[in-house]
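Enquirer: This is what each chain is made of:
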Amino acid sequence: MGHVWSAYVTSPDTAPDLHKLPTFNPLYGFPEGREERVMIATQEEMNKAQVPLDRRDYCAHLFIAWYKCRRDNFPNVFACKHSKHDYEHCEYGDFVMRMKEYEREKRLLARAKRKRLREEKEKLKD
Amino acid sequence: MAGLCRLCCRKPANVSTVARIISARYATFSEDDLPGLYPKTPQERKTAAKKYGMRVEDYEPYPDDGLGWGDYPKGQDVHDDDKDPHADWDFPEERRNFGELVHIEQDLLSRARPNIYAKSNIPLKKQAMMLGTVLATLAGLFWIGGHFKNFQPVGPKQFPYNDLWEEKGNRPEDVPETKKHYVI
Chain A
1 MGHVWSAYVT
11 SPDTAPDLHK
21 LPTFNPLYGF
31 PEGREERVMI
41 ATQEEMNKAQ
51 VPLDRRDYCA
61 HLFIAWYKCR
71 RDNFPNVFAC
81 KHSKHDYEHC
91 EYGDFVMRMK
101 EYEREKRLLA
111 RAKRKRLREE
121 KEKLKD
Chain F
1 MAGLCRLCCR
11 KPANVSTVAR
21 IISARYATFS
31 EDDLPGLYPK
41 TPQERKTAAK
51 KYGMRVEDYE
61 PYPDDGLGWG
71 DYPKGQDVHD
81 DDKDPHADWD
91 FPEERRNFGE
101 LVHIEQDLLS
111 RARPNIYAKS
121 NIPLKKQAMM
131 LGTVLATLAG
141 LFWIGGHFKN
151 FQPVGPKQFP
161 YNDLWEEKGN
171 RPEDVPETKK
181 HYVI
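Going down the list, the protein sequences come from chains A and F. First residue of the first sequence? That's 1 in UniProt numbering, and the numbers climb one at a time after it. First residue of the second sequence? That's 1 in UniProt numbering, and the numbers climb one at a time after it.
Simulated from the structure, these hints should not be mistaken for lab results. Predicted model, so just to flag it, every value in this text is computed and none were measured. One should not assume that every hint holds.
Below, computed lysine-lysine pairings styled on BS3-like, alpha-carbon distance capped at 27 Å [as the list claims (entries may be wrong)]:
| # | chain 1 | residue 1 | chain 2 | residue 2 |
| --- | --- | --- | --- | --- |
| 1 | A | K121 | A | K100 |
| 2 | A | K20 | F | K180 |
| 3 | A | K125 | A | K115 |
| 4 | A | K100 | F | K157 |
| 5 | A | K20 | F | K179 |
| 6 | A | K106 | A | K121 |
Quick look at which bits of chain F chain A covers, simulated, 3 or more residues with Cβ under 8 Å [to be verified]:
| # | region |
| --- | --- |
| 7 | 58-68 |
| 8 | 140-151 |
| 9 | 155-165 |
Chain F residues, not near chain A, derived (Cβ > 12 Å throughout) [as the list claims (entries may be wrong)]:
| # | residue |
| --- | --- |
| 10 | L34 |
| 11 | D77 |
| 12 | H79 |
| 13 | D80 |
| 14 | A128 |
| 15 | K180 |
Even for Gly, the Cβ is constructed at its ideal location relative to N, Cα and C.
Isolated chain A, as found in the complex:
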């Protein structure tokens, strides 16, 4: 069912902590390793472009491009709809990754619980 229902009712013991995520090793379950996220805009670039703190994420280079376009085309900010879309698409991808991280944590927690129960069962058999 829904994530709220499962977090509060059906399986509160394996509900992920929203603010401390991931608790497992990020490379766990990836034998070939994982691709690191690439930050394109440098700190100096972001400082010069005066990017707000909450926008200094992995899409900051697109944000800078969008706002540069806005500055150059003002007041015709509709001319920047493509760069705005690029930025928002990047943010959407970022959000999807966060959703996947949540789901990974949730499934790993459930898996850890299953493993723990199985071990306890075997201990009782011995």
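Since the structure of chain A is provided, determine the placement of chain F on it from the hints.
Expert: Below, chain F alone, put in the same frame as chain A:
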């Protein structure tokens, strides 16, 4: 035209006649209409009762405590809304009979005024219960909303450069550990 000529040729009305008519039409106030002084002796009470067309036994002025109304009789604090609308009143609009005492504060008791003496059909106990039910329901809903928060199924937002360690005002040499974020 003929009418205008007739009006012009008419003898003007006597000034004293006009004054008499006007005073008769508008002069409804005189000091005789005001309430007299508070009656102290039985004789004064008798006179006052007679003045208001009442029996001495029925006559009862407002107490002379500084907020009274002289010898004006005390009326019942009954709003006109609370009087029987189907009774055979002499003045149905005012719900009043001829010769009936006019309350000294009748302007507050007329039907054009809100009925401040009206009593609710709902007993006070039930009113308190209804209010308590509403407040308790609200409090319960607030508690549930505060205890079981709705949330989006997403992890925390990932920021580069060690979660913007420097940008948040920390010294670069104090970085606890370099954090890595992975594509998923």
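Enquirer: Each hint should be assessed against the structure and marked as holding or not.
Expert: Going through the hints against the structure:
1. K121(A) - K100(A): With a Cα-Cα distance of about 31 Å, the restraint between K121(A) and K100(A) is violated, given a limit of 27 Å.
2. K20(A) - K180(F): Measuring from Cα to Cα gives roughly 15 Å; hence the hint holds.
3. K125(A) - K115(A): holds (15 Å)
4. K100(A) - K157(F): Holds, at roughly 12 Å.
5. K20(A) - K179(F): Measuring from Cα to Cα gives roughly 13 Å; hence the hint holds.
6. K106(A) - K121(A): Given pair K106(A), K121(A) holds - Cα atoms ~23 Å apart, limit 27 Å.
7. 58-68: Violated: only 0 residues of the region 58-68 of chain F have a Cβ under 8 Å from chain A.
8. 140-151: Held - the region 140-151 of chain F has 3 residues with a Cβ nearer than 8 Å to chain A, which meets the minimum of three.
9. 155-165: Since three or more residues must qualify, the claim that chain A covers the region 155-165 of chain F holds, with 8 doing so at under 8 Å.
10. L34: holds (76 Å)
11. D77: At roughly 59 Å from the nearest Cβ of chain A, D77(F) sits farther out than 12 Å, so the non-interface label holds.
12. H79: Nearest chain A Cβ is 55 Å from H79(F), so the label holds.
13. D80: holds (59 Å)
14. A128: holds (34 Å)
15. K180: It is violated; K180(F) is separated from chain A by about 6 Å at its closest Cβ, not greater than 12 Å.
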